[in-house]
Amino acid sequence: MDAFGYLWMGLSTVLQPINLLYCFAGVFCGTLVGVLPGIGPTGAIALLLPVTFHVPPVSAIIMFCGIMYGAQYGGSTTSILVNIPGEASSIVTCLDGYQMARQGRAGPALGMAAFGSFIAGTGSVFGLVFLAPVLAEFGLRFGPPEYFSLIIFGLTALLYLAHGSMARAMMMALLGLMLASVGIDPLTSYPRFTYDILALRDGLGLVQIVIGLFGVSEILITIEKGVRRTIFDTEIKGLLPTLRDWKDSILPITRGSILGFFLGMIPGISVVIPTFVSYALEKKISKHPEKFGTGVIEGVAAPEAANNAASSGTMVPLLSLGIPCGAASALVLGAMMIYGVVPGPMLISQSPQIFWGVIGSMYVGNLMLLLLNLPLIPLWVKTLKTPYPILFTLILLFCLIGSYTIANSMTDMVIMIIFGFVGYLMKKFEYEMAPLVMGLVLGPLMEKTFRTSLLMSKGSPAIFFRRPISVVLLVLAMLVLISPLITRKRLAEKIVQAEEE
Amino acid sequence: MKRRTFCLVVSILFCLTAVCHAQVRDYPKKPIQILVGHTASSAIDVFYRLTAEEVGRTWKVPINIVNKPVASGSVAASEVANAEKDGYLLFGTLVGQLASVSVGNPKSPVHILRDFDVIEMHYYAANVIFVRADSPFKSLDELVDYARKKPGELVAGITQMGSNIHLDALLLNRLAKIDITLVHQDGPPEVLTGVLGGHFNVGWTNHVLATPQVAAGKIRVLAADMKCPLGVPTFAEKGYPIDLVPVMGLFGPRGMPPTVIKTWDEALKTMMKDPKFQASMTKLNFVIDMTTGADKLDKLLKEEVARYSRFTPEELGWRKK
Amino acid sequence: MLRQSALKAFFLFFVFYLGLHGETSSLADLTEQVQTTTVSKKLDKEGRLINDGEEAHPSKEIHCELLLQPARARKKKRATMNKDVLGSLFCLLFGIFFTVESFRFGMGVWSRPGPGYFPFGAGVLFSLISLFVLIKAIRKTDSGESTTQSADRFHLKNILLIVTGMLVYALLLKKIGFALCTFGLVIFFIHVIARKGWVNSIMTGLIVAILFHVLFNMLLNAQLPNGLLGFVLG
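Chains as they are written, first to last, in the numbering used here: chain A, 263 to 763; chain B, 5 to 325; chain C, 3 to 236.
Same shape as in the complex, but just chain A (with noise of 0.2 Å):
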């Protein structure tokens, strides 16, 4: 059978009744557990584990599947209403849908998340399909060296993020570094920072900090002066997206898919990266960068369709090799085993329908989350119109008990306070938070790329310039770098600030 034929088995096998009862029930429980911040996939499949003992390998595989797309929705649903993001892939989300929330068009935003979303995983189911076995090997030829590479790449995307002074951005990203070096060294197992706090040996998390830093430092710089009835004072405007977003977000949305999808191959990759990138890609390619920020549906579009993408890349190496990279596919793998089915490379010759099967239901998880999600809307946004006092007491509710989910531990929620104070501080001093946060995500896999690959070379610097994939980054990124230094359209904005001076 070809390709097609199997697809057509693999979604005939999910279109059954029963399958898509599980699928639906997978999705919703996934989007529940996406919009609580600190319980992720990982804790909501954990958990539906022992429920799914009685139930065929195909149907369980085909929940755990609707489980991560939908927590990946509903990670941006809460990006966009209350700039809190209930994943990390959402985070990017944060940046323009809150603000588009605050304009009234968090309809719009939640529906093109979703038909972003949608797009990409259709897209990307297409590519698995005839695109899985050779891309595998592409994904393998990353090694510590390439990472280091394709990190330094991402970080000069990261000047595109800056809204406001460069100085700042880059100070904040080096902040971030400097935040990522607290724990336990994994190559010395030396104590950075730790002070002796038992629980700051596993660093301060990417997640707590998040939920601190965007989602409880908007409450206080709202609440600063007293609580108002409501803090969404503008009429809403419309519910699902207008002509207008599609034209500004087709392209977006392609492009989000095909990077999101290349670089979650990569293994170790988490999906946070390609969220970055792709916003940054946008905010480059745009006619209008300085609106990123404050509003355009393109910085919705773009990152949702990406995150999307790389979660189904990273199937391909699970579903190839064998190898899992991110804890959604590591969860995966765990599910499969349980029922017998060994990934591998033998895992489509073996048992194509649970292959097909899980494609299939991917696919379907996809549409379901689209059907389930679009009619859900106009219900999200009636709840922005709660009084404020209650409203920012159920949020901040939901940032404690988020973070302490994380781990059941205290600390976590501990920081998080913190950081929402830091938060406050950040934006009263005009410091930007996304490039912290980039440099919080990328700092430990540029250390540990950079140290690796120095061992592995004992010592020779030269190795990054050996290695063909690794060249080509670092040429990409000084071009990147280099290259707003000679475009007219910065001289020209050279001339204007010094006029205005």
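None of these hints come from the bench; they were simulated from the model.
All figures in this text were calculated on a predicted structure; none of them were measured in a lab.
Straight-line Cα separation of at most 25 Å, BS3-like style, residue types lysine-lysine; simulated pairs:
hint	chain 1	residue 1	chain 2	residue 2
1	A	K644	C	K198
2	C	K198	A	K647
3	B	K242	B	K142
4	A	K689	C	K159
Covered, in the sense of this in silico footprint (three residues per stretch, anywhere, with C-beta under 8 Å from a C-beta of chain A), are these stretches of chain C:
hint	stretch
5	166-177
6	197-210
Note that CB positions come from ideal geometry on N, CA and C, so glycine has one too.
Got chain A; can you put chains B and C on it based on the hints?
Then chains B and C, alone, in the frame of chain A:
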């Protein structure tokens, strides 16, 4: 008015559910909690969830798994060590981690031999050393010979500092008097990608992950630290007694009533005999070798701790090199 | 231990200074406002339309200037210490602290970079850039360009209340239990911060606590501690 009725209804429901929690029996009378010092869906987590499901079903009491991977499970360990000695809060972990922190960190608030009662311990997988299928090394001896001739040239991918795999690799270097550069990765999947991609000459992982790769012809396993279904020689057979085989264990605070341990004993024995459980273990590629019974466990535990005492705190990962 | 306390002291000092700065600034603003209102009132009585003091009677204009001068002088003295300067100064000090600490971790050798290598580099860069930003900020304020606006005020009362409330929640969660803590926090937020009545707060507290318990502990099995209510909830 509407609000008050709502409140009333909710409060009634609340009380009803509270009542339902009441049980009438000896141990266990109420839900049991097992803290697992590892993230969800790790081998330890999966095993104890399956156990909780089985045993919980027999006892008709919910057994809840709570993941507390903070500081390699040290926080969870302290919590259980200081808990009520009634057997309702237990700790499931890799014995190695607990032994390692007890031996290597003098400031550790818990000590494996002093603060815990063991309910069970079991082996489940072996650590193996492997190369890519097209590698020139066809056996462990060839690898060691080459390493002796060219010290420091070979690069091996291993897992985190202080893990069983890391210590196994250290022992190999020590016993065979070779110097293979050890590069830490986050976990077995990263080691696998590293070797398959040609970035490392050699890798270490557990046999569970290795088996499908061997079946697909992608890697060649050279040796294992325990007998496993892969059919490769053990390190001991080759003359290097490398024996840091990962062991899982279920612990409770020291001084639990003997009824608790006995009840668990019986339940676990039944569970191990259950063909359904055996089937799921086989599916997972786990090779379970469980020990229960206080005196046997005592001996086994002391042996384990002795194994870790052969390493310095730096090697175990508790102090800077 | 010393480092820990130093850090704490430093942080507390910063917050205190911030609060103080916020307070005194608003005081200056207040005085200025009073003066300007008095001035405009006088002019209005004369029945003249004033557009930025342009059409004012010359003597009245001088009067304005004289009145406003003390306020402006006060402002100028504190000009070096506006929020940009403060922010970057704090960052610089933190950067230096971080760099020094990282150095202590050990740099290692080229073939085996030590734990301090990366943080040191990041710290050095961070400190340098903060220095640069600091100098720029000082120069800008000394030239009298930026004046503090109302958005720069720090109204710390609500903020500190909320943060303290959340910290207390976090610390007591295990001991008192999730339901009770939630109940308490909701009452605190609604009554103290949003200034609603007692009945309102307590009702909301009850509903939220019960709903959350059902949602998290029962439906999602999130394993939140039960604390004091443990005997009831198991």
